[in-house]
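> Sequence:
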Amino acid sequence: MNFAREVVDSAPRERPALVALDGEGNRREIPFGEVADRSARLASTLARHGAGRGEVVMTVIGNTPEWVDAMVACFRIGAVALPCNEQLRPKDLASRIERVAPRVVLAAEHLIDAVAESGFDGPVMVAGDERLYDAPKAPAVDLAATDPALITFTSGTAGEPKPIRHGQRYLHGQRVQAEHWFGAHAGELCWCTAASGWSKSARNAFIAPWLRGAAALLHDARFDP
8 MNFAREVVDS
18 APRERPALVA
28 LDGEGNRREI
38 PFGEVADRSA
48 RLASTLARHG
58 AGRGEVVMTV
68 IGNTPEWVDA
78 MVACFRIGAV
88 ALPCNEQLRP
98 KDLASRIERV
108 APRVVLAAEH
118 LIDAVAESGF
128 DGPVMVAGDE
138 RLYDAPKAPA
148 VDLAATDPAL
158 ITFTSGTAGE
168 PKPIRHGQRY
178 LHGQRVQAEH
188 WFGAHAGELC
198 WCTAASGWSK
208 SARNAFIAPW
218 LRGAAALLHD
228 ARFDP
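The sequence shown begins at 8 in this note's numbering and counts up one residue at a time.
One or more hints might be untrue.
[As the list claims (entries may be wrong)] Below, computed lysine-lysine pairings styled on DSS-like, alpha-carbon distance capped at 27 Å:
1. Lys-169 <-> Lys-98
2. Lys-169 <-> Lys-207
3. Lys-207 <-> Lys-98
[Unchecked claim] Per label pair, the in silico range of CB-to-CB distance:
4. Gly-180 <-> Ser-17: 15 to 25 Å
5. Arg-35 <-> Ala-201: 16 to 26 Å
6. His-187 <-> Asp-141: 41 to 51 Å
7. Lys-144 <-> His-187: 29 to 39 Å
Derived by calculation from the structure, the hints in this document are not laboratory data.
Note that the Cβ used here is the ideal one computed from N, Cα and C, for glycine as well.
All chains, please: the whole structure from these sequences, using the hints.
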């Protein structure tokens with residue numbers, strides 16, 4: 008199994024995948040073909056920097072298309088995605104780095120300093136840098152249901168946040184909650200308001216909608232009541 012191949016690559020290339028809104032109100036509509044191509048090229052770059060099958064890639068990015076590119080790139084090559092909330096402080100990032108030892112970090116440009124202060128000494132890439140996409144498209148690898156796909160951390164309400172490792176079947180298993188809890192349906196636009204880096208966002212920002220044939224809304228802006 009491979010989420011990138013079976014959900015992203017197999018979708019009609021022109022079908023809407025993402026609608027992205029930024030803090031200035033700009034709107035971008037991104038089809039599955041673009042997600043497939045960009046994530047495949049980014050996957051090659053990640054692999055070239057040591058993020059192979061089973062290696063952890065930490066992302067410190069907001070709710071942007073570049074975050075989705077990074078997540079799908081990991082799923083494509085069997086790397087393990089570790090999404091982190093952009094509000095985490097350097098000491099919080101350091102704790103996660105110590106616990107799961109990521110091979111590569113992808114961070115938004117305004118968060119590069121926080122990653123540097125965390126003490127991470129591996130490759131750090133700026134999300135959205137077009138040079139990351141200047142690479143051949145990586146093929147989707149065959150993965151077992153129990154191969155790791157994603158790491159999320161608990162909220163830390165009962166002690167230090169703890170890592171939870173999810174297998175590949177966790178991604179495909181979101182189809183059930185997407186239908187019966189999230190209520191996503193084909194042709195709809197679905198919005199998960201959770202910030203990237205939290206468990207709810209990891210499964211519902213785009214994975215759950217896509218499994219049900221819906222598009223995903225990404226809103227990357229400060230809350231304005």
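> Can you let me know if the beta-carbon spacing of His-187 and Asp-141 is within 41 to 51 Å?
holds, 42 Å
> Is 15 to 25 Å respected by the C-beta to C-beta distance linking Gly-180 and Ser-17?
Hint holds: Cβ distance 18 Å, inside 15 to 25 Å.
> Could you grab the alpha-carbon distance between Lys-207 and Lys-98 and see if it respects the 27 Å cut-off?
holds, 23 Å
> Does the Cβ pair Arg-35, Ala-201 satisfy 16 to 26 Å?
Taking Cβ atoms as reference, Arg-35 and Ala-201 lie about 20 Å apart, which means the hint holds.
> Does the Cβ distance between Lys-144 and His-187 fall inside 29 to 39 Å?
holds, 35 Å
> Between Lys-169 and Lys-98, does the CA-CA distance stay at or below 27 Å?
holds, 15 Å
> Taken at face value, is the distance from the CA of Lys-207 to the CA of Lys-169 at most 27 Å?
Holds - the C-alpha atoms of Lys-207 and Lys-169 are around 16 Å apart, at most 27 Å.
Hint compliance for this structure: no hint is broken.
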